[in-house]
Amino acid sequence: MPEFLTTPEGRRIAYHRTTGAGPGIVFCGGFRSDMQGSKAQYLEAWAKSQGRAFVRFDYSGHGESGGDFLDGAIGDWLSDARAVLAALTEGPQILVGSSMGGWISLLLAREQPERLAGFVGIAAAPDFTEDGFWAGFTPAQRAEIEAGRPVDVPSDYEAPYQITPRLIADGRDHLILRSPLPLSVPARFLLGTADTAVSAETTLRLLDHLEGDDIRLTLVKGADHRFSDPECLDLITAAIDDVSRRAG
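With the first letter of the sequence shown counted as 1, position 156 gets the number 156 in the UniProt record's numbering; the numbers rise by one all the way through.
Any given hint might turn out to be false.
[What the hints assert, rightly or not] Within a straight-line C-alpha distance of at most 20 Å, the following computed EDC-like cross-link-like pairs (lysine to aspartate or glutamate) qualify:
| no. | residue 1 | residue 2 |
| --- | --- | --- |
| 1 | 48 | 90 |
| 2 | 221 | 234 |
| 3 | 48 | 201 |
| 4 | 221 | 201 |
| 5 | 48 | 242 |
| 6 | 221 | 231 |
| 7 | 48 | 234 |
| 8 | 48 | 3 |
[Unchecked claim] Between beta-carbon pairs, the in silico distance windows are:
| no. | residue 1 | residue 2 | range |
| --- | --- | --- | --- |
| 9 | 10 | 50 | 31 to 37 Å |
| 10 | 242 | 131 | 27 to 33 Å |
| 11 | 51 | 165 | 30 to 36 Å |
| 12 | 135 | 12 | 29 to 35 Å |
| 13 | 136 | 19 | 42 to 48 Å |
| 14 | 172 | 199 | 35 to 41 Å |
| 15 | 155 | 91 | 16 to 22 Å |
| 16 | 208 | 165 | 17 to 23 Å |
Read the hints as simulated data drawn from the structure, not as lab findings. Bear in mind the structure is a predicted one, so any value in this text is a computation, not a measurement. Glycine included, every Cβ here is placed at the ideal spot set by N, Cα and C.
Build out the structure end to end from the sequences listed, making use of the hints.
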């Protein structure tokens, strides 16, 4: 059973926390995903086997946390992650962000660089509300959003997404690819060549915006956006091990 944290905004966030040695690891999941996913559970089991501190959690409106998904936006989920980092961890952490969690984690890195020991991005998807959804909308879809109505967007991985006007507007307040972002800790980015949600071009654009001396990208031929087969999961833990050694 999860434990629950009430954020400063009054949202009820479900989480699982493993105590252990530092630097601890915080896993930030993706858009409409939850902490019961294969990556989150695999990393928790791995952290336990290594005696490492680890936290996985559900954003508001996701999984076992309170709230309605359609009421949420990037700023809300960033606030949830910020509350988890503040209340459930001590000292510098390795942030592991999957898809949207990569965007959330990079926002945390920008505002609290002193809390980072390392960074691992798995199919990181910064600015996807603007550069993915909005950029791909038809004129009719844009008109619906501008009129205050949600639109449905097909997904290759699950049921269609319902995209709200607030998600688009709030996303514009949290873009990170429009200016340089210092990232002074060791950082590793992982991406599959069969990923239809995040392109290699997007990831290379992200790397161009990051300022740091120890940033690397690994492309995995044939891996998709889930990045959760056994070989991919091993690559994630290897990346965590790598940044852990270099952070020390």
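Here's how the hints hold up against the structure:
no.	hint	in the structure
1	48 / 90	holds, 17 Å
2	221 / 234	holds, 15 Å
3	48 / 201	violated, 35 Å
4	221 / 201	holds, 15 Å
5	48 / 242	holds, 18 Å
6	221 / 231	holds, 11 Å
7	48 / 234	holds, 15 Å
8	48 / 3	holds, 18 Å
9	10 / 50: 31 to 37 Å	holds, 35 Å
10	242 / 131: 27 to 33 Å	holds, 29 Å
11	51 / 165: 30 to 36 Å	violated, 46 Å
12	135 / 12: 29 to 35 Å	holds, 34 Å
13	136 / 19: 42 to 48 Å	holds, 43 Å
14	172 / 199: 35 to 41 Å	violated, 21 Å
15	155 / 91: 16 to 22 Å	violated, 37 Å
16	208 / 165: 17 to 23 Å	violated, 30 Å
The structure does not agree with the numbered hints 3, 11, 14, 15 and 16 stated previously, though it agrees with the rest.
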